[in-house]
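Peer 1: Spelled out from the first residue to the last, the chains are:
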Amino acid sequence: MEGADEELMLAYRDGNAGAFQTLYGRHRTRLYRFVLRSVEERGAAEELFQDVWLRVIEARNRYAPRARFTTWLYSIAHNRLVDHWRRKGLALVDLENVEVEGNNPDPARHAEARQNLLRFARALEALPPAQREAFLLHEEAGMSVPEIAQATGAGEEAAKSRLRYAIAKLRTAVDDG
Amino acid sequence: MADERDPKVSQRYRELGSEEPPRHVEEAILAASRRAVRVRPAPLVPPTGRRRWYFPLAAAAVIMLSVAVTWHMQVERPDPDGYVASAPAVEAPKEMKAKEEQKPAAKAFTPDPTQESREQAMRDAPARAAPQAAPPPVAGARAPEAARADRVFGKLSEQTIEPPEKWLERIAELRREGKHEEADKALEEFRKRYPGYKVPEAALGK
Chain A
1 MEGADEELML AYRDGNAGAF QTLYGRHRTR LYRFVLRSVE ERGAAEELFQ
51 DVWLRVIEAR NRYAPRARFT TWLYSIAHNR LVDHWRRKGL ALVDLENVEV
101 EGNNPDPARH AEARQNLLRF ARALEALPPA QREAFLLHEE AGMSVPEIAQ
151 ATGAGEEAAK SRLRYAIAKL RTAVDDG
Chain B
1001 MADERDPKVS QRYRELGSEE PPRHVEEAIL AASRRAVRVR PAPLVPPTGR
1051 RRWYFPLAAA AVIMLSVAVT WHMQVERPDP DGYVASAPAV EAPKEMKAKE
1101 EQKPAAKAFT PDPTQESREQ AMRDAPARAA PQAAPPPVAG ARAPEAARAD
1151 RVFGKLSEQT IEPPEKWLER IAELRREGKH EEADKALEEF RKRYPGYKVP
1201 EAALGK
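Here the protein sequences line up with chains A and B, keeping their order. Read in order, the letters of the first sequence are residues 1 to 177 in my numbering. Read in order, the letters of the second sequence are residues 1001 to 1206 in my numbering.
Since the hints were made in silico from the structure, they are not lab data. The reader is advised that the hints may include incorrect statements.
[As the list claims (entries may be wrong)] Pairs of lysine-lysine residues, derived as BS3-like cross-links and limited to a Cα-Cα distance of at most 25 Å, are as follows: (1) K1166/B - K1179/B; (2) K1166/B - K1198/B; (3) K1192/B - K1166/B; (4) K169/A - K1008/B; (5) K160/A - K1008/B; (6) K1179/B - K1192/B.
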C-alpha cells in the first residue's frame, strides 16, 4: 500500500490493518536503533520498542495528522525513554562488541577501523542524554531542528544547541581517528 | 539544518551497524495491530439516518403480530357451546319444526346479549359448514365436528345435547312425578349449560 505516513495512519484508524503493516515496515529499523542506542540493555530496548508501537495502536482512534507521523511516533518514543531513564538511570547499550562491517583483507587496517568505531561509540555514549537524543533523532528519524524540538518538547534554540554540541563532540572522535 | 550535518559523523554512525528488531517482537506488534482492527468499539451515539427507523418499526411489527396471533387463536379455539350445538344441528329441519310448535315457550326466553350472540353463532355454524360437511347425517352417528371435540374435551353426556326446551320439560315432568332430588340435579346441570335461560315455574318446582 502506497501513500504518505499520515494517510496510512488514517487508513489504519479506519480499519485497514494492511496500512499499519506498511507503516511499520517503513519505521521499524530506525526506531529500533534509536531506542537501542538510548538504553542500557537490549532486552529493555525490545520492550520499549514494542511498547511504543502498542501505544501507536492504542492511540489510533485519537490520531489526527497535526504534524508529521514521524514526529508523533518519536515523541511517543521520547516520552517512554524519559520514563525509562527516570527509573533506571541513563546508559547506552554495550558497544564493546561492535563489529566492523565488510571484509578487509588487511588485519592491521581491520583492527584500526574497529578502534575508530569503538572510539566513536564511546563518544556517543558519553554525550549528555539530551544531546544524544537530538543526534539520534537527527540521524535515525531524519528530523530537522524544529521537529526535534516538537518531538522532545524543547524550544527550537535548545534543540539546535543540543544537536550542534553533539555533532561537534562526535566530529572530534572521528578526527582523532 | 543542512549546515549542522557532518557527512563524516553520519558515515561513522552508520558504521555502528544496522540492528533490527527481533522477529518475536515484530510478530507480537503486528498481531496486536490486527486484533485492534478486528475488535472495534461499539458506537457511542444512537443510530442515525435510515437506521433510526429500524427499532420503532421492529417494535410495531412485533406488537401487530402478537395482537393478530392472539385474535386468531381466540377465533379458532373450539367453543364447547358451539360444538355442542353443532351436533344436533344436522337434524335442523326436525328441530325447526319443533321450534315452530313451541313458539309460546320461546317467547318466555329472554337471553342476555352475549348468550344471544353465542346462540346465533351456533345456529350459523352448521349453515356455514354445510357445503363442506360432505357426509350426510346418519341416524345415531355423531357429526365429525362432535367427534373431534370429543377428542379434545372428552365425551359429553347425552343430556347436554338435549335442546333446552326438552330438557326443561323433562325436569318439570320429574317434579310432577315427585322426583325433586333428581329434578334439582338436572336443573343444576341445565343452569350450568344455559346460564341465561329463564327457567319456567314448572321446572323450578316452587
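Peer 1: Next, verify each hint and record whether it holds.
Peer 2: Now for the hints, and whether the structure bears them out:
1. K1166/B - K1179/B: With Cα atoms ~17 Å apart, K1166/B and K1179/B stay inside 25 Å; holds.
2. K1166/B - K1198/B: Distance of about 14 Å is within 25 Å: holds.
3. K1192/B - K1166/B: 16 Å, holds
4. K169/A - K1008/B: At roughly 12 Å apart (the allowed maximum being 25 Å), K1008/B and K169/A satisfy the hint.
5. K160/A - K1008/B: 19 Å, holds
6. K1179/B - K1192/B: At roughly 20 Å apart (the allowed maximum being 25 Å), K1192/B and K1179/B satisfy the hint.
In this structure, every one of the numbered hints holds.
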